[in-house]
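A.B. asks: Taking the hints into account, I'd like the entire structure generated from these sequences.
Residue numbers (this note's numbering), protein chains in the order written: chain V, 1 to 183; chain E, 1 to 183; chain G, 1 to 183; chain Z, 1 to 183.
Simulated from the structure, these hints should not be mistaken for lab results.
What you are looking at is a predicted structure, and each value in this text was computed from that prediction instead of being measured.
One or more hints might be untrue.
[Stated by the list, open to error] Here are the in silico distance ranges between beta carbons for each label pair:
| id | chain 1 | residue 1 | chain 2 | residue 2 | range |
| --- | --- | --- | --- | --- | --- |
| 1 | G | L27 | V | D60 | 52 to 58 Å |
| 2 | V | L67 | Z | T59 | 48 to 54 Å |
| 3 | V | T21 | G | D28 | 37 to 43 Å |
| 4 | Z | G32 | V | L67 | 47 to 53 Å |
| 5 | G | K46 | E | A78 | 54 to 60 Å |
| 6 | G | M1 | Z | Q2 | 39 to 45 Å |
| 7 | V | T47 | Z | K73 | 52 to 58 Å |
| 8 | Z | E57 | G | K120 | 35 to 41 Å |
| 9 | E | A61 | V | T167 | 47 to 53 Å |
| 10 | Z | S36 | E | L27 | 19 to 25 Å |
| 11 | Z | T59 | E | T21 | 51 to 57 Å |
| 12 | Z | T47 | E | R156 | 40 to 46 Å |
| 13 | V | R68 | G | M1 | 49 to 55 Å |
| 14 | E | T3 | Z | Q72 | 52 to 58 Å |
Don't be surprised by glycine CBs; every beta carbon is placed ideally from N, CA and C.
4 protein chains.
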Amino acid sequence: MQTIYLITTGGTIEKVYQEQTGSVTNLDTKIGQYLSQLRLPGLSVKTVHTMNKDSLEMTDADRESVLRVVEQKLKRPAPVVITHGTDTLVETGLLLKNRLKGLKFPIVLTGAMTPLGFEKSDGLQNLTESLLAARLLPPGVYLVIHSQVFPIDRVRKDRKHSRFVWTTAPATDEETKAATARP
Amino acid sequence: MQTIYLITTGGTIEKVYQEQTGSVTNLDTKIGQYLSQLRLPGLSVKTVHTMNKDSLEMTDADRESVLRVVEQKLKRPAPVVITHGTDTLVETGLLLKNRLKGLKFPIVLTGAMTPLGFEKSDGLQNLTESLLAARLLPPGVYLVIHSQVFPIDRVRKDRKHSRFVWTTAPATDEETKAATARP
Amino acid sequence: MQTIYLITTGGTIEKVYQEQTGSVTNLDTKIGQYLSQLRLPGLSVKTVHTMNKDSLEMTDADRESVLRVVEQKLKRPAPVVITHGTDTLVETGLLLKNRLKGLKFPIVLTGAMTPLGFEKSDGLQNLTESLLAARLLPPGVYLVIHSQVFPIDRVRKDRKHSRFVWTTAPATDEETKAATARP
Amino acid sequence: MQTIYLITTGGTIEKVYQEQTGSVTNLDTKIGQYLSQLRLPGLSVKTVHTMNKDSLEMTDADRESVLRVVEQKLKRPAPVVITHGTDTLVETGLLLKNRLKGLKFPIVLTGAMTPLGFEKSDGLQNLTESLLAARLLPPGVYLVIHSQVFPIDRVRKDRKHSRFVWTTAPATDEETKAATARP
Numbered sequence: 001m002q003t004i005y006l007i008t009t010g011g012t013i014e015k016v017y018q019e020q021t022g023s024v025t026n027l028d029t030k031i032g033q034y035l036s037q038l039r040l041p042g043l044s045v046k047t048v049h050t051m052n053k054d055s056l057e058m059t060d061a062d063r064e065s066v067l068r069v070v071e072q073k074l075k076r077p078a079p080v081v082i083t084h085g086t087d088t089l090v091e092t093g094l095l096l097k098n099r100l101k102g103l104k105f106p107i108v109l110t111g112a113m114t115p116l117g118f119e120k121s122d123g124l125q126n127l128t129e130s131l132l133a134a135r136l137l138p139p140g141v142y143l144v145i146h147s148q149v150f151p152i153d154r155v156r157k158d159r160k161h162s163r164f165v166w167t168t169a170p171a172t173d174e175e176t177k178a179a180t181a182r183p
Numbered sequence: 001m002q003t004i005y006l007i008t009t010g011g012t013i014e015k016v017y018q019e020q021t022g023s024v025t026n027l028d029t030k031i032g033q034y035l036s037q038l039r040l041p042g043l044s045v046k047t048v049h050t051m052n053k054d055s056l057e058m059t060d061a062d063r064e065s066v067l068r069v070v071e072q073k074l075k076r077p078a079p080v081v082i083t084h085g086t087d088t089l090v091e092t093g094l095l096l097k098n099r100l101k102g103l104k105f106p107i108v109l110t111g112a113m114t115p116l117g118f119e120k121s122d123g124l125q126n127l128t129e130s131l132l133a134a135r136l137l138p139p140g141v142y143l144v145i146h147s148q149v150f151p152i153d154r155v156r157k158d159r160k161h162s163r164f165v166w167t168t169a170p171a172t173d174e175e176t177k178a179a180t181a182r183p
Numbered sequence: 001m002q003t004i005y006l007i008t009t010g011g012t013i014e015k016v017y018q019e020q021t022g023s024v025t026n027l028d029t030k031i032g033q034y035l036s037q038l039r040l041p042g043l044s045v046k047t048v049h050t051m052n053k054d055s056l057e058m059t060d061a062d063r064e065s066v067l068r069v070v071e072q073k074l075k076r077p078a079p080v081v082i083t084h085g086t087d088t089l090v091e092t093g094l095l096l097k098n099r100l101k102g103l104k105f106p107i108v109l110t111g112a113m114t115p116l117g118f119e120k121s122d123g124l125q126n127l128t129e130s131l132l133a134a135r136l137l138p139p140g141v142y143l144v145i146h147s148q149v150f151p152i153d154r155v156r157k158d159r160k161h162s163r164f165v166w167t168t169a170p171a172t173d174e175e176t177k178a179a180t181a182r183p
Numbered sequence: 001m002q003t004i005y006l007i008t009t010g011g012t013i014e015k016v017y018q019e020q021t022g023s024v025t026n027l028d029t030k031i032g033q034y035l036s037q038l039r040l041p042g043l044s045v046k047t048v049h050t051m052n053k054d055s056l057e058m059t060d061a062d063r064e065s066v067l068r069v070v071e072q073k074l075k076r077p078a079p080v081v082i083t084h085g086t087d088t089l090v091e092t093g094l095l096l097k098n099r100l101k102g103l104k105f106p107i108v109l110t111g112a113m114t115p116l117g118f119e120k121s122d123g124l125q126n127l128t129e130s131l132l133a134a135r136l137l138p139p140g141v142y143l144v145i146h147s148q149v150f151p152i153d154r155v156r157k158d159r160k161h162s163r164f165v166w167t168t169a170p171a172t173d174e175e176t177k178a179a180t181a182r183p
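C.D. replies: Okay, here's the thing in structure tokens:
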């Protein structure tokens, strides 16, 4: 039985529609309900809810607390998936990359452009991809979304087109090779 | 823009409910309709429908024709995903493995236990995973299903539990390493 | 709080896909799971599971047992909805019409052409309509399906087109008037 | 072939999630896409899009324009369904009731607490119910929602509980009898 840590922080992927206000907000975690729609034999997903915030509202202290949770979990090393708002996901990912040394497994950040369970949502796709990527990628910190894998220091959000894009031509280091080219 | 070839052969993943007979059969391809629910920026999925058969009804000639389609496509090398009935998926995969030499990209076979669009279906999960795996795995022939990656010569169907399992303890060759262990 | 009795007998509406056999069969009731997707404030739906059969396999004894359940429930009169296979739904409905006298509320039979939860299913539509019709129609026995209301002695299944049709031009009696035209 | 006029005005039922802003707004009509999920043999739904507004932003002039569309359509009398924001639905309905005389068919207003296509949405339920109610109710102006039928002058929104409730004990006039009582 393989273990994956799934750390939730909020973000669009977990937003819900509130009938009283007609707005979409981060209330309670809903990852578990959608995770249970996936078939994951031989996999033990250990979920940790750290906070439930729009990532534009995350503070430095919030990012530090995510880092501490990851550090704490990695005392028993296993792949990590982190669900996060897309607006500052890269910022949190870079913090993890810079502060965590000697990773034995990948850390995969993901999120969604439209909340889980809303028409045209990309949430379940991204969650599905992240769980698989966390088992296939070499150690490192990545964004996995829309069938793409980006080393966390090679990616930025293209807000206008609701997607992520490479910041520069893919480099040649180890993580980038894993994420991209073959022959 | 990266290319992936998606070759469909039928199987449970594409079965539909027929109202006149109350049975579930392979009629027309429906992969395209579900594929369009995924966000795949920067990816060009070129779909080829070869046949639409329950894999228990596939003949040797059918498998040869799948092989020929793959060979023909690989004249312009790119990752390949093949949707296939689960009952003889391994058989077709082994044929591909034995007959295709010098692969430059992975060939990923997948399928489903319950048809796409039926309650509790694993079809979209497996399709999502296969498209990502086809971009991440090294050259070789694999089954990708239920967040698992199996080299095609290491797997068998456990029909009773509607899943696939390792035939032996994972070996140490190149494909198996890609599919499994890190530290 | 208004009461409605919901009596289930099986039929396509409750069929499930069986992975081991690849067939669609009546196993356990699943109405409750879909009923819970509807908002029914002020309504108490009392569900009674009588059997879970393809209606082609229902015997005279089965129909008698449905009749007895209805009779028993109507000791405390309230509207009744019966979910039933469409192939012999009319037969059961006619038995109820002929044997139940002095109805104070309507009895609405319904079913589905495709099981609840399958792509393109009409099950939830028909269930939704039947619960409303049971509150609006005058006493009598009806089929409610596909936004149509038929007195049970005016309808037959058109199997080829997966729908129900009038057996004759709508008559002028009380039930037919309720089910059809105004000015 | 029976005709129903379906007049859309916007409201929560037609709201969409906007990825760039993370808000839920009235952009384009989406009724047609969901209407096509229903089976409506023998029914011709003629859809008229009048506006696409949150009903809190509807002006007196907007309500007059809805009235004019209804008047214009009723030159060829048929049942009418109007989709509308729930916050001022009753206000528009009362205008229609007061200004339209000699109705030959019912006018059914409906809406939703959560947009069509969002998890836990009541939109398709309400649309399904309204189309049926429009064929069953006597002439008059009604709200149909959550398996309930209210004469438009007997109902108010209970915003806190996301539902509608009777304003007073049901009266004894013709519309109220149609909406409620049996023995």
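A.B. asks: Now tell me, hint by hint, if it's right for this structure.
C.D. replies: The hints, checked one at a time:
no.: 1; hint: L27(G) / D60(V): 52 to 58 Å; result: 54 Å, holds
no.: 2; hint: L67(V) / T59(Z): 48 to 54 Å; result: 52 Å, holds
no.: 3; hint: T21(V) / D28(G): 37 to 43 Å; result: 39 Å, holds
no.: 4; hint: G32(Z) / L67(V): 47 to 53 Å; result: 48 Å, holds
no.: 5; hint: K46(G) / A78(E): 54 to 60 Å; result: 59 Å, holds
no.: 6; hint: M1(G) / Q2(Z): 39 to 45 Å; result: 34 Å, violated
no.: 7; hint: T47(V) / K73(Z): 52 to 58 Å; result: 53 Å, holds
no.: 8; hint: E57(Z) / K120(G): 35 to 41 Å; result: 36 Å, holds
no.: 9; hint: A61(E) / T167(V): 47 to 53 Å; result: 50 Å, holds
no.: 10; hint: S36(Z) / L27(E): 19 to 25 Å; result: 21 Å, holds
no.: 11; hint: T59(Z) / T21(E): 51 to 57 Å; result: 55 Å, holds
no.: 12; hint: T47(Z) / R156(E): 40 to 46 Å; result: 53 Å, violated
no.: 13; hint: R68(V) / M1(G): 49 to 55 Å; result: 51 Å, holds
no.: 14; hint: T3(E) / Q72(Z): 52 to 58 Å; result: 53 Å, holds
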